[in-house]
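There are 2 protein chains.
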Amino acid sequence: MYNIIYSQNGVCASDGFFADGVSAGLKKDGAKDMAFIYSDSECEVASVFTTNKMFAAPIKHFQSMGSFKTNFILINSKNANAMTGKAGIEDINEVLRTCKDVINPIMSSTGVIGVRLPKEKIIEGAKLFDYSKRDSSSASKAIMTTDTFAKEIAFKVKLDDGSSFNIGAIAKGAGMINPAMATMLCFITTDAAVPKNEMQEALDEVTKTTFNAISVDGDTSTNDTVLLLANKKSEAYDKEAFKEALFKVMHFLALEMVRDGEGATKLVTYKVTGAKDDREAEVVAKALSDSLLVKTALFGEDPNWGRIASTVGASGVECSEETLKISFDNLCVYDRGKLYFDEEMEKKCAIVMQHKKFTISCDLGIGEGSFKAYGCDLGYEYVKINADYRT
Amino acid sequence: MYNIIYSQNGVCASDGFFADGVSAGLKKDGAKDMAFIYSDSECEVASVFTTNKMFAAPIKHFQSMGSFKTNFILINSKNANAMTGKAGIEDINEVLRTCKDVINPIMSSTGVIGVRLPKEKIIEGAKLFDYSKRDSSSASKAIMTTDTFAKEIAFKVKLDDGSSFNIGAIAKGAGMINPAMATMLCFITTDAAVPKNEMQEALDEVTKTTFNAISVDGDTSTNDTVLLLANKKSEAYDKEAFKEALFKVMHFLALEMVRDGEGATKLVTYKVTGAKDDREAEVVAKALSDSLLVKTALFGEDPNWGRIASTVGASGVECSEETLKISFDNLCVYDRGKLYFDEEMEKKCAIVMQHKKFTISCDLGIGEGSFKAYGCDLGYEYVKINADYRT
Numbered sequence: 001m002y003n004i005i006y007s008q009n010g011v012c013a014s015d016g017f018f019a020d021g022v023s024a025g026l027k028k029d030g031a032k033d034m035a036f037i038y039s040d041s042e043c044e045v046a047s048v049f050t051t052n053k054m055f056a057a058p059i060k061h062f063q064s065m066g067s068f069k070t071n072f073i074l075i076n077s078k079n080a081n082a083m084t085g086k087a088g089i090e091d092i093n094e095v096l097r098t099c100k101d102v103i104n105p106i107m108s109s110t111g112v113i114g115v116r117l118p119k120e121k122i123i124e125g126a127k128l129f130d131y132s133k134r135d136s137s138s139a140s141k142a143i144m145t146t147d148t149f150a151k152e153i154a155f156k157v158k159l160d161d162g163s164s165f166n167i168g169a170i171a172k173g174a175g176m177i178n179p180a181m182a183t184m185l186c187f188i189t190t191d192a193a194v195p196k197n198e199m200q201e202a203l204d205e206v207t208k209t210t211f212n213a214i215s216v217d218g219d220t221s222t223n224d225t226v227l228l229l230a231n232k233k234s235e236a237y238d239k240e241a242f243k244e245a246l247f248k249v250m251h252f253l254a255l256e257m258v259r260d261g262e263g264a265t266k267l268v269t270y271k272v273t274g275a276k277d278d279r280e281a282e283v284v285a286k287a288l289s290d291s292l293l294v295k296t297a298l299f300g301e302d303p304n305w306g307r308i309a310s311t312v313g314a315s316g317v318e319c320s321e322e323t324l325k326i327s328f329d330n331l332c333v334y335d336r337g338k339l340y341f342d343e344e345m346e347k348k349c350a351i352v353m354q355h356k357k358f359t360i361s362c363d364l365g366i367g368e369g370s371f372k373a374y375g376c377d378l379g380y381e382y383v384k385i386n387a388d389y390r391t
Numbered sequence: 001m002y003n004i005i006y007s008q009n010g011v012c013a014s015d016g017f018f019a020d021g022v023s024a025g026l027k028k029d030g031a032k033d034m035a036f037i038y039s040d041s042e043c044e045v046a047s048v049f050t051t052n053k054m055f056a057a058p059i060k061h062f063q064s065m066g067s068f069k070t071n072f073i074l075i076n077s078k079n080a081n082a083m084t085g086k087a088g089i090e091d092i093n094e095v096l097r098t099c100k101d102v103i104n105p106i107m108s109s110t111g112v113i114g115v116r117l118p119k120e121k122i123i124e125g126a127k128l129f130d131y132s133k134r135d136s137s138s139a140s141k142a143i144m145t146t147d148t149f150a151k152e153i154a155f156k157v158k159l160d161d162g163s164s165f166n167i168g169a170i171a172k173g174a175g176m177i178n179p180a181m182a183t184m185l186c187f188i189t190t191d192a193a194v195p196k197n198e199m200q201e202a203l204d205e206v207t208k209t210t211f212n213a214i215s216v217d218g219d220t221s222t223n224d225t226v227l228l229l230a231n232k233k234s235e236a237y238d239k240e241a242f243k244e245a246l247f248k249v250m251h252f253l254a255l256e257m258v259r260d261g262e263g264a265t266k267l268v269t270y271k272v273t274g275a276k277d278d279r280e281a282e283v284v285a286k287a288l289s290d291s292l293l294v295k296t297a298l299f300g301e302d303p304n305w306g307r308i309a310s311t312v313g314a315s316g317v318e319c320s321e322e323t324l325k326i327s328f329d330n331l332c333v334y335d336r337g338k339l340y341f342d343e344e345m346e347k348k349c350a351i352v353m354q355h356k357k358f359t360i361s362c363d364l365g366i367g368e369g370s371f372k373a374y375g376c377d378l379g380y381e382y383v384k385i386n387a388d389y390r391t
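Protein sequence lines correspond, in order, to chains R and X.
Yeah, the first sequence ends on 391 if you go by the numbering used here, and it's all consecutive.
Yeah, the second sequence ends on 391 if you go by the numbering used here, and it's all consecutive.
The hints are simulated quantities; they were obtained by calculation from the structure and are not laboratory data.
Treat the hints loosely; a few may be bogus.
Simulated crosslink set (DSBU-like; lysine-lysine; CA at most 35 Å straight-line) [stated by the list, open to error]:
hint : chain 1 : residue 1 : chain 2 : residue 2
1    : X       : Lys-276   : R       : Lys-60
2    : X       : Lys-372   : R       : Lys-208
3    : R       : Lys-338   : X       : Lys-100
4    : R       : Lys-133   : R       : Lys-271
Bound-form chain R, shown alone:
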C-alpha cells in the first residue's frame, strides 16, 4: 500500500529540479514569456507529442535526438515555431547553443503558427535564467498563452517501507485542446526510481484517460507536448503507486485545462456506458464533448437532451433509441423509449445545468464498453478570444 498526498512547488517538488520564468519581451507589458526547467543531474525522458502531421520544429528537434538523457528544457510562449521548416530547427539549435551547463537540451514552444522564432530575443532572455531558482509558479505563468490562470500540481508518494518519492508538473492549455492533441504543454518531473521503459508505458497509458479525454474545441495543435523527466534521486519506486500519482497529476491538470477552456463557464463530465466496447464509448463521449450544439446548449443552461441523443446517433457507433438512457447528474430524462422530460423535470435539469460542474450520462444499453470524457460549454467569450487571437 501507499499514500499519495498533496505537496508544493509543482515542477520543483522533487529534489534536484529547478525552474523559473523570465520576460524576454515576447509578450506585451513585460509579462513573463520564457521558462526553464533544469536538473542538477541527468534525467531519463518519456514523451507524448501531437498527432498533427504538421508537428512543430521543437518536436522534430526532439525526435531527431534519438534516445538521450537531458537536464534542461527551455520553453517559450507567443511563438509556436510551427510551419517554419528546416529554418525552424536551425533556430532551435542556435538558441540552445547559447545555453550554458546543459546536456541534450530540449526546446518547447507555444503561440502563433507560421512565424519564425524571434531568436535574438529568446537568446537574450535565456541569459536571464538563474539555474538556482526553484520558482515553479513563475515558470507556470511564463508558459501561459490564452490561459486565464497558471496550472501546477505536486504530490508526495509515501510507500509502506517508509521510503517516498515526489512527482509534480506545470502545464498550459486553454484552447485548441483535444490533445490527440492541441496546444497544451505539460512538463512533469519526478525523483522516483522509475525504470525508463515503465516511464513511457505509464505516460502513454495515463494520457489516454487524461489529456486525450478532454476537449475544448476539438481542434488539434501542431505543438502539444507532454514530457516526463526522472532524475531518480529518491530510491523509492512502486509501479502502481507511481502510475496512480502520475494519473493524479495529469488528471488534475487536464481538468484545469477544460475549466480554463477559452470562455468556458462549466466543466462537464460525459460518462458513457453500455457501449459495444470501450473504443465506441470513447467515440460517443468525445462526440458529445465536441458537439457545438451540445456545447452551446450547456452555455444556455438548456437541458436540450434531444441534442445529446442526436449526437449519440450521429457518432456512428452501434446504438438505438430503444436501448438508450440519458441522465443529467442523477436525473434520468429518457429511458429506453420512455420520455421523463415534462415541465417539472425540465426545471430540475435546468438547475443542474446552472452548476459549474455536472455529469451527463449516456447508457447505450448494448454492451460493457465505457469511457469518461471532459468538456466545457462554448459561449460568446470563446468567439471573442478566437476571432482576434493574433491581434
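Chain R is already provided as a structure; the job is to place chain X on it using the hints.
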C-alpha cells in the same frame, strides 16, 4: 445539347404539382408552420435520409412503406418527431389518415427532438390545406425553423429536339447542417420522364457534392431528408441534362443553407487539391469547414493561415509542410516551405476576408485528389441562436 434556364415557382414549377403553407398554431404569432406538396397524379420517389442512427419517426415511417408511388407530402416545423419511438410512428399514421385524396402520403418534420407530435393541431392544420393552391413560396416559408430567409429554386430544361422539362424545389436548413446530414429538408419535384432507377442514382450522386459538401456546425440531425418526386407529365428527358439541372437545384439550395448558416456572415469555399485521392481531399475540406478555430478566424476576418495548416495536419490524411500550398482567393501565403506572409500580405488577405464570399485553397502536393466543401464563419449570433433555441 440542352439549355438550363432559371424559372419560377419552385416546387410548383412542374405542371401537376401543388403546394401551400398554413398556420396550425405550432409557431408563435400565427406564422405558417405546415406545408403540403400535392400532385394530381402519382409520382415515383427517390430519397436520401440522415445517417444519424437515431433517425426520426417520419423516416422510419417512409422506410416501412417499401417501394411505392405517392402524390402527397405533409411537412411540419417546430417538432421533429424524433426519439418518440413507436408512438411517433402511430402519430404519423393518425395524422395522415385524416388527409383526403392522398395515395401513400409521406410526412416530414423538423424542430425540437424528444417531444410528441402535437397531432391534434396538425390534424386541424391539415384541414386548411387547399390542394388547388400553387404557392411554393408559402410552403417554403412554412418549413423554416431558424432560417432567416426562405429557400426555393426552379429551372426549365430545353432539349435540342424542342421538348422540355421542369425541375424545382423548396428547402429549409440553417444550422445542424452537415448533411451527412443535419436538419435540412429539401423537396424536389419534376415533370421529366426520368426512369425510377436513374432518379435515385442521380440523387445519390449529386448529394455528395452538394448537401454532403456543406457544413454549418458539423452536427448531424435526426431528420435530414431529401425527396425527389417525378410525375413524368413531360415526355422529355435527357440523362445528362437532368443530372445537371438536379445539381443546379441542389447546389443552389445547399449554398443558400450555408449562407443562411446560423449567425453566418460569410460563405467560404474550401478548395482542396493535390490530395492522395478524392476521399482524402474531402476529409481535409470538411475538416477545414468544421474547424472552430478556422471558423472563428473567419468571423474575426483574421487571415490566420497557421490554423488552416494545423487543421490540414490534424485531419489525419497524408500531407507534409514541404508540399503544402495555401491561398486566400489568388493570394498565396505559404508555398512548400516558403512563407509569403509579411505585413503587406496580411493586409491584402484581411481585405479578401472582408468579402461575403471567398475561397481558401489548399494544395497538398501529394496526388490528384480534389474536393470542394462549403462552410461559413461562427460568431456571437450562432452562440445566441443555439444557447436558447428551445426558449
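### Query
So which of those numbered hints doesn't the model satisfy?
4
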